[in-house]
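There are 4 protein chains.
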Amino acid sequence: MSDITEYLLNHSDSTVVKVRFNDTDAMGIVHFMNYMMYFDDGFVSFMNSLGTSRKVEELIHQKIALGVKHVEVSYEGSARFGDYILVETTLEELGSKSMKFRHKLYRESDKTLLADVKAVRFVMDLNTKSLMNVKEFFSNFVEI
Amino acid sequence: MSDITEYLLNHSDSTVVKVRFNDTDAMGIVHFMNYMMYFDDGFVSFMNSLGTSRKVEELIHQKIALGVKHVEVSYEGSARFGDYILVETTLEELGSKSMKFRHKLYRESDKTLLADVKAVRFVMDLNTKSLMNVKEFFSNFVEI
Amino acid sequence: MSDITEYLLNHSDSTVVKVRFNDTDAMGIVHFMNYMMYFDDGFVSFMNSLGTSRKVEELIHQKIALGVKHVEVSYEGSARFGDYILVETTLEELGSKSMKFRHKLYRESDKTLLADVKAVRFVMDLNTKSLMNVKEFFSNFVEI
Amino acid sequence: MSDITEYLLNHSDSTVVKVRFNDTDAMGIVHFMNYMMYFDDGFVSFMNSLGTSRKVEELIHQKIALGVKHVEVSYEGSARFGDYILVETTLEELGSKSMKFRHKLYRESDKTLLADVKAVRFVMDLNTKSLMNVKEFFSNFVEI
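Residue numbers (the working numbering), protein chains in the order written: chain A, 117 to 260; chain B, 117 to 260; chain D, 117 to 260; chain G, 117 to 260.
Next comes chain A alone, as it looks inside the complex (with noise of 0.2 angstroms):
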């Protein structure tokens, strides 16, 4: 295994997101929609966290989509208006292709486990429409 697979497999982040009243719907609670909107903020952060003077937010610009290929949730709680959300993700499976990232998401408060998400994801070339290698990206993206 690389140095910078081993990294990236032994990275942990955790973040947390404010639930909005436009979030929630007529059950009082989040809609299962939004928890989407919630790991996502977790693989942000997750990116950012790695040791690199890049944004991921910027790789849109420069033509590069991380794009989601399958995910898979199971609710486990609900949130409610003003709950935080706890977002701890790591990543569980990096392959030359396609990168398994694992969410889990709790109500601060209380630690209530609320979900659990496997997000894989892929890293795209816009310009040539193209899949790119994914530790390749990471061997540029990462500065370690």
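Identical chains share a label here; the pair holds if one copy fits it or two copies do between them.
List time: in silico DSSO-like cross-link candidates among lysine-lysine, alpha-carbon distance up to 30 angstroms:
hint: 1; residue 1: Lys179; residue 2: Lys227
hint: 2; residue 1: Lys213; residue 2: Lys171
hint: 3; residue 1: Lys216; residue 2: Lys234
hint: 4; residue 1: Lys251; residue 2: Lys134
hint: 5; residue 1: Lys213; residue 2: Lys251
hint: 6; residue 1: Lys216; residue 2: Lys245
hint: 7; residue 1: Lys171; residue 2: Lys134
hint: 8; residue 1: Lys171; residue 2: Lys227
hint: 9; residue 1: Lys185; residue 2: Lys220
None of these hints come from the bench; they were simulated from the model.
Since this is a predicted model, take the numbers as computed values, not measurements.
Position chains B, D and G relative to chain A; hints supplied.
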């Protein structure tokens, strides 16, 4: 008043939009933000109801954007999950660089007025980042 | 297998959803999150296509919620502004406390598969906060 | 002018909101609808910055709703993914049944004005479905 201006100011369109569960919030009614989604549907429907073989959805791919400069919404009622919203759209003013749309949103079942919207839009050439003359834009877009 | 179970497992529904401009993101395509909105439309349409005089939209007012427990989405293609999404829905499994829906989302114009969704749902009595027996729920909901 | 009125009209709050990728649209900028989400964050932050031990997020559970009656947005600039939005909020008018908030939204990095918002809100007792006197509401909500 040119023929095209007269045609546009006398034109009206109505379309129907269905309220989704995730459009509602914990008050059990549609969140105020989501009415902007509904009147935007009215705008799209109005544009495509003009005598034209082009579709407003294609303009973005032709690097033409019909942006919103100013919007004013009066909330008069509230919609719920399962309601159908009737959006009635007219063009009230046509300037050289902007145009003012009026959208009235009703609950379709009982014709209760839910929201009254005034939206000022402009036409931008995304290649040159400059405003297009609105009447010239319509002369090309509409075939009358 | 009871009549109602057989009826439900053999039933299928298709509905069409239009992509809004605000469903897209800066990549120019529909954001991955929004496919959850589209398959939820498929769920609502499936439920209302069953032989019933009640509407699934009314259940929330009767304190019955059809929540999502688990969802899995495979992204196979990408949709753009103006596309119509064809959502084909079947019920693949019917347990006592949960049921598994399958939604296939296609671009209507060329039948390209965009997303393949498996969604596990439960029925909750919001008065007692307890899970309802799914088959009992359907025995009351469907009139066959 | 009563003490509470004077206090409220002289109070100001600023908060910072991060733009999500799914807030953008195919023009590459934040969709005009999403500014309503940002100024609503400003409203929540303003309310919680008042001298109070209660949180505005709890009011909905106490069957009190602070609804929006009228909103007016002038779009002055455009935000992108990764931008931080500074929302500056003041209360400009305090009537008996409504109040007028002013929200100025800036890109935090360069202080470019993005949107100027006037939002009229009311306070509703959801138990009786009647409007509450705004000053009475604040006399209970704020502890000065």
